[in-house]
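Enquirer: Going down the list, the protein sequences come from chains C and V.
Numbering of the first sequence is given in this note's numbering, commencing with residue -1 and proceeding in unit increments.
Numbering of the second sequence is given in this note's numbering, commencing with residue -1 and proceeding in unit increments.
It cannot be assumed that every hint is accurate.
Calculated pairs, DSSO-like style, for lysine-lysine (alpha carbon to alpha carbon, straight line, at most 30 Å) [as the list claims (entries may be wrong)]:
| no. | chain 1 | residue 1 | chain 2 | residue 2 |
| --- | --- | --- | --- | --- |
| 1 | V | 194 | C | 90 |
| 2 | C | 119 | V | 119 |
| 3 | V | 177 | C | 90 |
| 4 | C | 8 | V | 54 |
| 5 | V | 119 | C | 120 |
Source of the hints: derived by calculation from the structure; they are not laboratory data.
Only a predicted model underlies this, so the values are computations on that prediction, with no experimental measurement involved.
2 protein chains.
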Amino acid sequence: MKGKDLAFLKDTLSFWKDLDELQQRTLEESIVIKNFRVGESMRGSSDQCSGLFLIKSGQVRAYIISESGREITLYRLFERDVCIFSASCIMKNIAFEVYVEVEKDTQAYLIPTLVFQNLSKKVLAIQTFANDLMASRFTDVMWIMEQALFSSFDRRLATFLIEQSNIDESDELVITHEKIANHLGTAREVVTRMLKYFQEEGMVNLSRGKIMIVNRDKLQELYS
Amino acid sequence: MKGKDLAFLKDTLSFWKDLDELQQRTLEESIVIKNFRVGESMRGSSDQCSGLFLIKSGQVRAYIISESGREITLYRLFERDVCIFSASCIMKNIAFEVYVEVEKDTQAYLIPTLVFQNLSKKVLAIQTFANDLMASRFTDVMWIMEQALFSSFDRRLATFLIEQSNIDESDELVITHEKIANHLGTAREVVTRMLKYFQEEGMVNLSRGKIMIVNRDKLQELYS
C-alpha cells in the first residue's frame, strides 16, 4: 500500500480513525487493489462475497435481473463510493441478488470479507458505517422504485437521457435502445417508440447507436 | 412495565442481553405502551420521529405515496416486528418517506428516539440490530419492486389475494377494489377488470365489498 493509497483510504473510510493501531495495520495489509475492464462483472451470482469494494477510479452499475432476463439499474458507483452488496454475505437478512457490472475501466480497493467481518464485530464505528451505506443504497432504490412505479415513461426516459449526458459530460450519448431498455426495465420497442416521439418533438436526434440531445431545455421540462 | 411486558421485550430485542444493568433500567423506564385504532397513522409526514415501535399485538402496513396520491404497500408488520422507519431521523442517509397505517387495532411498545440514539452510540449490538432490521426491510422492498416491475398483473393480484387470505385466515376477503389498487400501486379499474376475469375463470366470487376465494388451487397456480 503506497502513501497515496493510504491517504485515500483514511480519507474515505469514515471508521479508520476509530480503529486502534493494530486494527489499522491489519486492514492496511489485507486491502488489495483490483482492476476491472469495461463489461466485466464485479459481482455476479458465481462470485457472491469477495468483500467490500471501494472505487478508486472508474464507474460501475448495480442492477437486478428478473426471471425472464429483464434488467433494471438500481444505482451507479463512482470514485470514493463503496459497493456494499459485494459483501452481502456478511449482512444477515439480505436475501436478494444485486449484480454489479463495470461501465468504465475501474480500479477498486478490496477489503476482504473476513477482515471486514472480524473488525465489524469489535468496532461500533464500522457498524455505523455499514448502516449509513445501506441506508443510502436503500434510498437510491426507493427513488428508482418510485420512478418505475409512479412516473410515466416519457419522464423516466428524459430523466435517464439527461443524467446519462451529465455522467458522460456530453450531449452525444453512445448507447443502444436495447441498453436503455435494460436500464429502465422495459422492452426495446417501448424505448424506440418514445425516442422517436422525442425526435419528432425536436428534443433529440437519432442515428445508429447514438442519441444527440438537441433541445436540453425541453427535455429538462420532463425531468422529474 | 409489568413482568410479562418485560419478558416480551427481553425475548424480542436481541440486544437486550448486551446492555449493562444501568442501560437495561434506562430502557425499561423509558419504554411506553401506545394504543392505535384501525385506520390511524403510526407514522405520517407530520409525525416523523417518535422512536422505534415494537408491535405487541395487531397489524400495520408500511407504504409509499406518489405525488399523484397513488400508494403501494411495502410490507406489513405483525406481533414482535419492529417498525424502523418511525425512527428514521436517527438513521443518516435515509431520505425517503414511508407511511405506516394501522390495519388492525394495535398495541406497541415505543422506544423513544433519544433513548435509542444514545444507546446505539455506545452499544455495538444495537447497531447490529438496526443493521439487520434495515437489511430485512430492504429485502422486502426489493421483492415488492421485482413484483411490480417484472411480474404480470394477474400474478401480482393472485399473490395478493392468497397472502391476504392467509393473513386473515379466511377465504372471504372483506376489501374494496380501491384498497387493493392502493396496495398494488395501480388504478381501481385495472383491479376490477382482473377480478372479473378471475371470477369468469371460477377462481373467485365477487360481491359488494367482498371477494370469496372459491378455487384456491387455480389461483395458487398464478402465485409467484
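Enquirer: Tell me if the straight-line CA distance from residue 177(V) to residue 90(C) falls inside 30 Å.
Expert: violated, 33 Å
Enquirer: Holds or violated: residue 119(V) with residue 120(C), Cα cutoff 30 Å?
Expert: OK: residue 119(V) and residue 120(C) at ~14 Å, within 30 Å.
Enquirer: Against the 30 Å threshold, does the CA-CA distance of residue 194(V) and residue 90(C) hold or violate the hint?
Expert: Roughly 42 Å between the alpha carbons, so the hint for residue 194(V) and residue 90(C) is violated.
Enquirer: Holds or violated: residue 8(C) and residue 54(V), Cα atoms, limit 30 Å.
Expert: violated, 44 Å
Enquirer: Hinted pair, alpha-carbon criterion (30 Å max): residue 119(C), residue 119(V). Please report holds or violated.
Expert: holds, 15 Å
Of the numbered hints listed earlier, those contradicted by the structure are 1, 3, 4.
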